[in-house]
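Given chain A, work out where chain B should sit, using these hints.
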Amino acid sequence: MQRAIPFEIFRYAVILGIVAISLVPTLWMVSMAFKPIAEWSAAGADLTWWPRNPTLDNFRFIFGQSSTDLIVALERTAGRPILASLLTATFGTLIAMTAGTAAAYGLSRFGQGGNLPLALIQLRLFPPMAVMIPVMIMWSFLGLIDNWFGLSLIYGIVTLPFAFWLMKTFFDDMPREIEDAALVEGCTRWRVFVRVTLPMMRPALASSALFVFILNWSDYLIALLLTTRDWATIPVYMASLSSSMTGQLYGAKAALGVIAAVPPIIMGIAIQKHLVRGLTFGALKE
Amino acid sequence: MASIRFDNVSKSYGDVVAVDQVSFEVPDNAFFCFFGPPLSGKSTILKLILGLETPDSGEIFFDGQPMHDVSPPDRNVAMVFQNLALFPHMTALENVRFPLVERKIDAATITARVAEVTEKLHMAHILHKPPAQLSGGERQRVAIARALVRDPVAYLMDDPISALDARLREETRVELRRMQQDMAKTLIYVTHDQEEAMSVSDQMLILDAGRVRQIGAPHDLYDAPNSTYVASMLGAPAMNMAGTAEAAGALTHAPDLDRGAKTVGIRPEHLRVAQKAGPGRVTAIEPLGATTILSVEAAGVTWKAALRGQPKHDIGAAVELSVDAGGLHCFDALGNTLPAA
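Chains as they are written, first to last, in numbering that gives the first Met the number 0: chain A, 0 to 285; chain B, 0 to 340.
Looking at chain A on its own, in the form it has when it is part of the complex (with noise of 0.2 Å):
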């Protein structure tokens, strides 16, 4: 189809804007990440899109090595938040993933588990506060605050609709055939589900956990709740790096946020070849 050139002029300018507003700010926290305080701090007036003096300053700063720029020392180091975000995000996410998965099944093969959509579904129309507040007080009576236990329940509970919902869509989506004939040809319900459908289900369940990894990896609410000084989470430690003296440290943020932000991506890229596939691509004639 040939479309007039001006329509074509027009659309790639909106899909540039589209794109510079995406990546413009992540460039921009990059570029800071590289630079020494008087680049980034109000101090240093003229802004450039490119670090002058590159250096990694902020990320020795972050690490807790003496950095000659900056005369604030740091009371903690980002290891220990760094080490609390991928734990608790981790056991969040497996939480969710188990019980979502396995509810998700049940719902969507055997038709059991009554109004849990609408009561998951539940858990997310309540303004977070109103929910978090109360868990507050019931995780310090169990002795879950602050503590990277308590922290990957409460992560696994909230996130627990969204693996159970994007699941659920999978497992309506794949024909029952399939398992009907595991059936036939000598399974138990459960080696179908072990050899059959977990398996197929792969690229779903890499999907579902990339996505419910990056809810809790990117929590700060529940976290600022619920840790105080072990296991703050990197987003918690990172609204903490501040000083009196120079205010917010934005050079040792952008160097924790492009830390923070290597995860996510590295899974993305692991799963990738999986997200591009159809779940039964082969399995059914067409």
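Calculated directly from the structure, the hints in this document are not laboratory data.
Take the hints with a grain of salt, since some may be wrong.
Here are the simulated distance ranges between beta carbons [what the hints assert, rightly or not]:
no.	chain 1	residue 1	chain 2	residue 2	range
1	A	A3	B	D313	54 to 60 Å
2	B	A237	A	F9	55 to 61 Å
3	A	L93	B	D14	40 to 46 Å
4	A	N114	B	D14	20 to 26 Å
5	A	D172	B	P310	27 to 33 Å
6	B	P36	A	A98	41 to 47 Å
7	A	A101	B	E93	24 to 30 Å
8	B	F23	A	T168	38 to 44 Å
9	A	P5	B	A123	55 to 61 Å
10	B	A237	A	A101	49 to 55 Å
We treat Cβ as the ideally placed atom computed from N, Cα and C, and that holds for glycine.
Positioned in the frame of chain A, the structure of chain B alone reads:
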């Protein structure tokens, strides 16, 4: 090897009655064909045999044993699904091995069985590929091999070769028939292609909206259908159907017309066309090579006659129609066949 018997089996999905008080017996080692239009209950009957569905009422027996409490894997029936239902995450070889591996057969036996079946189906060269990389015909062979690889009491096939092109379909159905006879196994076959059903089966069961209309050998059903429904399901072109009055007006020689029938039917090959002044007028000519289908309008009805070879006819020409002796099927007001005079 088993006979399969349905005793008054019914199955509904909500308000929809899929199978309605169906009784029949598939004899041991028979090539048994279910035939009917879509949604007539064919696939539901297969699911009931497999144990994937439980009857609402009635009982299913394998060799006289009730199957109500027997799970699908324990029924030991092999199935080729209509949409093939291959396992997409396994190679063709793994698909074929699957039933044996799941039944904990020892490795040497598996290898031997798989080699035997894959050789018979000429598929050695595709075994390492996943289904996604196979053509439609190759996938079909994988699905058939997965069913043939083990030793079940019966094979079930739900329209297994519909994805193939016409020529390959004809070859495959002959091959299936031959294999079934070699193996001496019960084979239950579902199809919506009447020619396919008639050409391979020992016995056919004609379904209509979940009910059994007639069971019998293909030629018996063709020659002696018990109703207008069965009569019109078999044969292409379909049997000519007309009211008795119209038939009397159109046909010059029809000796059985006075038997009190409401409707009469004549197979196209039993209709004779004479090129002389009569009540008929030729409206269409379809030369098919071995036969020619002639459409003749007479007494307000379009009659189709199947003539041998390629006789010369002109559109619009007047013709006279008559029926071969014994070529007239008589039906009552309900569409049931009248007993022979």
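Each hint tested on the structure:
| no. | hint | verdict |
| --- | --- | --- |
| 1 | A:A3 / B:D313: 54 to 60 Å | holds, 58 Å |
| 2 | B:A237 / A:F9: 55 to 61 Å | holds, 59 Å |
| 3 | A:L93 / B:D14: 40 to 46 Å | holds, 44 Å |
| 4 | A:N114 / B:D14: 20 to 26 Å | holds, 24 Å |
| 5 | A:D172 / B:P310: 27 to 33 Å | violated, 56 Å |
| 6 | B:P36 / A:A98: 41 to 47 Å | holds, 45 Å |
| 7 | A:A101 / B:E93: 24 to 30 Å | holds, 26 Å |
| 8 | B:F23 / A:T168: 38 to 44 Å | holds, 41 Å |
| 9 | A:P5 / B:A123: 55 to 61 Å | holds, 59 Å |
| 10 | B:A237 / A:A101: 49 to 55 Å | holds, 53 Å |
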